[in-house]
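Protein chains: 2
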Amino acid sequence: MTQPAISPPAGHRAHRFGDVVSVVRALTPGYPVYCLRPALIAASARRFLSQFPGTVMYAVKCNPSPMVLDILYRAGIHHFDTASLPEIAQICETYPDAQAYFMHPVKGRAVIKTAHRVYGVRYYVVDHENELAKVLDETGGGPDLTIVVRLKTERADAVLFNLSSKFGAPPDEAADLLRRVAARGCRTGLAFHVGSQCSDPSVYRDALALAGRTAADSGVGIDCLDVGGGFPAYYANMQIPPLEDFMAAIRAGLKEIDLPPTVELFAEPGRALVAHGCSLLVQVQLRKDDRLYINDGIYGSLSELCHADIRVPVRLIRLDGRPAARLRPFVLNGPTCDSLDVVPGTFDLPEDVREGDWIEIDQLGAYSNAMATRFNGFYPETFVEVHDAPPAAAS
Amino acid sequence: MTQPAISPPAGHRAHRFGDVVSVVRALTPGYPVYCLRPALIAASARRFLSQFPGTVMYAVKCNPSPMVLDILYRAGIHHFDTASLPEIAQICETYPDAQAYFMHPVKGRAVIKTAHRVYGVRYYVVDHENELAKVLDETGGGPDLTIVVRLKTERADAVLFNLSSKFGAPPDEAADLLRRVAARGCRTGLAFHVGSQCSDPSVYRDALALAGRTAADSGVGIDCLDVGGGFPAYYANMQIPPLEDFMAAIRAGLKEIDLPPTVELFAEPGRALVAHGCSLLVQVQLRKDDRLYINDGIYGSLSELCHADIRVPVRLIRLDGRPAARLRPFVLNGPTCDSLDVVPGTFDLPEDVREGDWIEIDQLGAYSNAMATRFNGFYPETFVEVHDAPPAAAS
Numbered sequence: 001m002t003q004p005a006i007s008p009p010a011g012h013r014a015h016r017f018g019d020v021v022s023v024v025r026a027l028t029p030g031y032p033v034y035c036l037r038p039a040l041i042a043a044s045a046r047r048f049l050s051q052f053p054g055t056v057m058y059a060v061k062c063n064p065s066p067m068v069l070d071i072l073y074r075a076g077i078h079h080f081d082t083a084s085l086p087e088i089a090q091i092c093e094t095y096p097d098a099q100a101y102f103m104h105p106v107k108g109r110a111v112i113k114t115a116h117r118v119y120g121v122r123y124y125v126v127d128h129e130n131e132l133a134k135v136l137d138e139t140g141g142g143p144d145l146t147i148v149v150r151l152k153t154e155r156a157d158a159v160l161f162n163l164s165s166k167f168g169a170p171p172d173e174a175a176d177l178l179r180r181v182a183a184r185g186c187r188t189g190l191a192f193h194v195g196s197q198c199s200d201p202s203v204y205r206d207a208l209a210l211a212g213r214t215a216a217d218s219g220v221g222i223d224c225l226d227v228g229g230g231f232p233a234y235y236a237n238m239q240i241p242p243l244e245d246f247m248a249a250i251r252a253g254l255k256e257i258d259l260p261p262t263v264e265l266f267a268e269p270g271r272a273l274v275a276h277g278c279s280l281l282v283q284v285q286l287r288k289d290d291r292l293y294i295n296d297g298i299y300g301s302l303s304e305l306c307h308a309d310i311r312v313p314v315r316l317i318r319l320d321g322r323p324a325a326r327l328r329p330f331v332l333n334g335p336t337c338d339s340l341d342v343v344p345g346t347f348d349l350p351e352d353v354r355e356g357d358w359i360e361i362d363q364l365g366a367y368s369n370a371m372a373t374r375f376n377g378f379y380p381e382t383f384v385e386v387h388d389a390p391p392a393a394a395s
Numbered sequence: 001m002t003q004p005a006i007s008p009p010a011g012h013r014a015h016r017f018g019d020v021v022s023v024v025r026a027l028t029p030g031y032p033v034y035c036l037r038p039a040l041i042a043a044s045a046r047r048f049l050s051q052f053p054g055t056v057m058y059a060v061k062c063n064p065s066p067m068v069l070d071i072l073y074r075a076g077i078h079h080f081d082t083a084s085l086p087e088i089a090q091i092c093e094t095y096p097d098a099q100a101y102f103m104h105p106v107k108g109r110a111v112i113k114t115a116h117r118v119y120g121v122r123y124y125v126v127d128h129e130n131e132l133a134k135v136l137d138e139t140g141g142g143p144d145l146t147i148v149v150r151l152k153t154e155r156a157d158a159v160l161f162n163l164s165s166k167f168g169a170p171p172d173e174a175a176d177l178l179r180r181v182a183a184r185g186c187r188t189g190l191a192f193h194v195g196s197q198c199s200d201p202s203v204y205r206d207a208l209a210l211a212g213r214t215a216a217d218s219g220v221g222i223d224c225l226d227v228g229g230g231f232p233a234y235y236a237n238m239q240i241p242p243l244e245d246f247m248a249a250i251r252a253g254l255k256e257i258d259l260p261p262t263v264e265l266f267a268e269p270g271r272a273l274v275a276h277g278c279s280l281l282v283q284v285q286l287r288k289d290d291r292l293y294i295n296d297g298i299y300g301s302l303s304e305l306c307h308a309d310i311r312v313p314v315r316l317i318r319l320d321g322r323p324a325a326r327l328r329p330f331v332l333n334g335p336t337c338d339s340l341d342v343v344p345g346t347f348d349l350p351e352d353v354r355e356g357d358w359i360e361i362d363q364l365g366a367y368s369n370a371m372a373t374r375f376n377g378f379y380p381e382t383f384v385e386v387h388d389a390p391p392a393a394a395s
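Quick note, the sequences are listed as chains A and B, same order. The numbering used here puts the first sequence at residues 1 to 395. The numbering used here puts the second sequence at residues 1 to 395.
Accuracy of the hints is not assured; some may be wrong.
Note: identical chains are not told apart, hence a pair may lie in one copy or across any two.
[To be verified] Keeping only pairs whose Cα atoms sit at most 25 Å apart, straight-line, the calculated SDA-like set for lysine to any residue is:
(1) Lys288 to Asp137
(2) Lys288 to Ala89
(3) Lys288 to Pro171
(4) Lys288 to Leu210
(5) Lys113 to Glu381
(6) Lys152 to Ala43
(7) Lys288 to Gly321
(8) Lys255 to Asp289
(9) Lys152 to Thr94
(10) Lys152 to Gln90
(11) Lys288 to Tyr119
(12) Lys152 to Arg287
(13) Lys255 to Pro350
(14) Lys288 to Ala389
If you're looking for bench data, these hints aren't it; they were derived computationally from the structure. As the structure is a computational prediction, the values presented were derived from the model and not from experiment.
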């Protein structure tokens, strides 16, 4: 591994446009185009960095586009929550001064070894004694290593996905794991994840209380505490308190538990930093009454709209003439031959929408390109930068 | 476009092994491995070619791996159902003597133009007058062009996915489209798709009767008829008649309708040719009681197990010692951080399965690698050839 002199990354800059209409004029794209709004992503990152009383790791899985990572890096995010060797390699090879943290509770042996020896990763999450044994086997353990025990949290109604259904040790097992970690001479940590798109700040406070009890029960002083992800994006159909309220709940929760003042504190936002900073420009390829056949769908950028009750704003763009003022609900059909490739729900668009029109679908910065397949030969991969206000700003 | 002398393709051959255990011994893979069984795929292709009374097109979307395409090509499949420019390019650039057919009812304008001008594609499916107008605009129409009208079929209970929910013109509109095609001097065709994984041969007979009535109503002699895909694979949990019964139903259906003897006949099998010709080798990375955390999941090769009630055989492979004879049901958790990444249902495996064991999951040749994402940095892409009997042969 050559280690280049540390300098701002070479830069994965997309072509820049003043606004989305200019993108359409310049490219008249028959393929989907991701429209990044760097200013929005950077502002979210800086807001989180200034408000969170610890280290902010970006959850790479949420949007691993090199352009998104560069925007975040330039905004001051230099710590990354990574869950696989490709994610670790992407971060460590692009940003030599950044830190990758292996925050996945289940890892392959060869992957642990490579993360440790090749990429120098020093933080590893575990939620089971056998995983702890693997990490110790493959890294050798020791005081350079921080082993973070992932704690199972109570199922909260206020979240979109309950990650504790798959990961996390119950409190008594977590306390036992902490003792084992300490006994092996490693630095100790506790982590939790309240679940995705959390709409209730008190969920963090409750999870912190559980973490505090677990740490106390273990009898081990912990060196780090990771409050995880789950910080919400502001989708139109959800009532979400401001970020300040989440930070206040975290500060209150921290005060209530007895942690050493030297404890390292981490958070892992993903969606909250990027969801509203990228829209998708699609083209209408055919209209059948109230059904529009567009060039992206559930196997491409829109899969999350199937799993989560997220409503995202849309606007029509037409180059030759003005669309009707009156709106009508339309169903969006994706481009594959598959009959499942239909976006759930309807989207209000001008009643005269027609083949050749473009639709900007907003707030698709999270879990869109990250989850795209190449099914049927379709794969959205064009990114541009735009500097206008997004459709969400109007709604 | 240079046209090289026609010869067998250069060959995308995977590394060859006698059996799956040899793969495990040689690679001890910590990553997922697709185990192709070329003899099974070739046998299915030859069976279909010998029994279907027309031209067999392979539906590329089902498994577009270059190795799978080569096996099919060498077995005699030289016609391909393609639905996007990348699929058309893949076929035409790899197999200069093969034919790509643009069988997607909704196409982008630039894509139609490129398919026609660059790749010489001559068959296009439409199911709406505006799509017909697009195809005529972009190709210029004419007697070299066959325009195939896709007919909406009745919803059949015997299929897994009802493709007519998304595509197909009702019979009266289809007849009108046929007249428009003929009036523009193009060759005419009718197509239908009964739906995926059809378990009842009579569904084809009914669809043929509908096609016959539509052709007669149109008053236009049709030049080609495409009975589509939907031919089933033989999964363990389904009662499926033999392929001969489907062919008998198609022959009977054809006899009952009045078609000119010169009509070109097509079928588009996908799943039926490849499903049982590829298994997936995964490794157990962690066990928690009855939950196994493996290195592939619903964002990789196993997504179809979420959407379809398909049961596939599994077998354990262990290099150091023998697994227990007694089986127990286990839940398979995928490798991403996502809580949805859990395979529905359970899989019976030796009760002492443990970290480091491998599991061969059979009958994943269809809609597996074709639908894989790179979510969280995981992407299964290793293919090997094996020449043993698959787990399904034992069940």
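How the hints compare with the structure:
no. : hint             : verdict
1   : Lys288 to Asp137 : between (60 Å within a copy, 19 Å between copies)
2   : Lys288 to Ala89  : neither (46 Å within a copy, 29 Å between copies)
3   : Lys288 to Pro171 : between (55 Å within a copy, 16 Å between copies)
4   : Lys288 to Leu210 : between (54 Å within a copy, 22 Å between copies)
5   : Lys113 to Glu381 : between (32 Å within a copy, 21 Å between copies)
6   : Lys152 to Ala43  : neither (32 Å within a copy, 50 Å between copies)
7   : Lys288 to Gly321 : within (21 Å within a copy, 61 Å between copies)
8   : Lys255 to Asp289 : neither (58 Å within a copy, 36 Å between copies)
9   : Lys152 to Thr94  : neither (33 Å within a copy, 51 Å between copies)
10  : Lys152 to Gln90  : neither (29 Å within a copy, 47 Å between copies)
11  : Lys288 to Tyr119 : neither (53 Å within a copy, 29 Å between copies)
12  : Lys152 to Arg287 : between (48 Å within a copy, 16 Å between copies)
13  : Lys255 to Pro350 : neither (52 Å within a copy, 49 Å between copies)
14  : Lys288 to Ala389 : neither (31 Å within a copy, 48 Å between copies)
Comparing the model with each numbered hint stated earlier shows that hints 2, 6, 8, 9, 10, 11, 13, 14 do not hold.
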